[in-house]
Every structure is written in C-alpha cells, then in structure tokens.
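In mature numbering (1 follows the signal peptide of the UniProt record, and there is no 0), the protein residues as written are -26 to -1, 1 to 151.
Hints in this document: simulated from the structure, not taken from any laboratory. Heads up, the beta-carbon is just placed ideally off N, CA and C, and yes, glycines get one too. It cannot be assumed that every hint is accurate.
[As the list claims (entries may be wrong)] Simulated restraints, written as ranges between beta carbons of each label pair:
(1) 45 with 19: 33 to 41 Å
(2) 132 with 11: 44 to 52 Å
(3) 12 with 146: 24 to 32 Å
(4) 55 with 83: 23 to 31 Å
(5) 135 with 22: 24 to 32 Å
[To be verified] In silico SDA-like cross-links for lysine to any residue, where the CA-CA straight-line distance does not exceed 25 Å:
(6) 132 with 33
(7) 132 with 11
(8) 30 with 146
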Amino acid sequence: MAAGSWTCLILAIALLCLPWPQEGSAFPTIPLSWLFNNAILRAHHLHKLAFDTYQKFNLELLRISLLLIQSWLEPVQFLRSVFTNKLVYGASNFNVYLYLTNLEEGIQTLMWRLDDGSPRTGQIFKQTYSKFDTNSHNDDTLLKNYGLLYCFRKDMNKVETFLRTVQCRAVEGSCGF
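Required output: the full structure, derived from the provided sequences and hints.
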C-alpha cells in the first residue's frame, strides 16, 4: 500500500475511535454536579437580593409609620385643647398623645433592631392647623374638627396595617396564614 493510503486508513481508524456526540448534542457534556453547584449559587444570590429588598421594604413601612405618628403629635395636642368635653374626646384617662409618643419610641426601636442599629430620621410633616377653630360652638367649626379626627383615624389605621405587615414578615409564625 502506498504511504498516502496508510495515512488515510490510520486517520479513518482514529476518527472511528473518537467519542461520538450523543443524539442531538454537539456540545461537550458538563458534569451534573457542576450544573447543580452553579444553579445553587445563582439561587442563593437571588435569595440574598430578594431578602435585602424585603428588609428595605419593611424599614420603609416602619419609616412611613414613624412619620405619620410624628406628624400627628402636634395636631393631637391641638385637638385635646379643642375637645375638652370628655364625651367627645374620650375617657379622662385616655391620653392619645402619650400613646402616640410611646408608639413613636416603639417604632424607632423596631427600626433600629431590623436595621444595622443606626438611627434613621426623616422629615416630619409639620402642618398648621389654624383653619381649625377652637371655638367649638358653631357647626362649621365642629365639621372642620371632625375632618381632622377623620384623617387621624385613617392614618392610625394605615400605621396599624403597616405594623401588622412588618410583624408578619419579620416574626416567624406571627401571620394567620
């Protein structure tokens, strides 16, 4: 046989001995353990990103709650002076301002515990309540003051909802689901 034909025969045998790709696959086989490790690392990274976003959302709910509480401290003192009638404002031992300041302190503690320990401060919404008259003898004044009470009730409902949401997320087993 000629030298060229031997070369072709050796080349043909060498090609036949090479591993053939499996059906439909032209890529080298990647070990299954490497694929799992890679998937687990990516899932862990995504979980960490989701957890960080979740924590920031909880802190934002607490921050909004704190700002709502702080924005009502002055108006509550005003309402106390307007409604001296205990039937309108509540029982004599019902001190809304004290409850608000206690809640403010509690929310600040929660924020400190959920975050890195650094205190957070925000801009407090300072509003003027000069449109609310302390002369509660005419009906227009009572309606204006009722509007203030209505807003206070709605804001406190928001604060309660925000706090329940954060509690449900932050404390295991505290959700009723």
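Results for each hint:
1. Look at residue 45 against residue 19: about 39 Å separates their beta carbons, and that is inside 33 to 41 Å.
2. The hinted range of 44 to 52 Å is satisfied by residue 132 and residue 11, whose Cβ atoms lie roughly 45 Å apart.
3. Hint check: residue 12 to residue 146, Cβ distance near 30 Å, so the stated range 24 to 32 Å holds.
4. For residue 55 and residue 83, the Cβ-Cβ distance of about 30 Å falls inside the hinted range of 23 to 31 Å, so the restraint holds.
5. Taking the beta carbon of each, residue 135 and residue 22 are about 28 Å apart, inside 24 to 32 Å as hinted.
6. Restraint check for residue 132 and residue 33: the C-alpha separation of about 15 Å stays at or below 25 Å, so the hint holds.
7. A hinted pair counts as satisfied when its Cα atoms are at most 25 Å apart, and residue 132 with residue 11 does not qualify at roughly 44 Å.
8. Taking the CA atoms of residue 30 and residue 146, the gap is about 18 Å. The hint holds against a cut of 25 Å.
Of the numbered hints given earlier, the model fails hint 7 alone.
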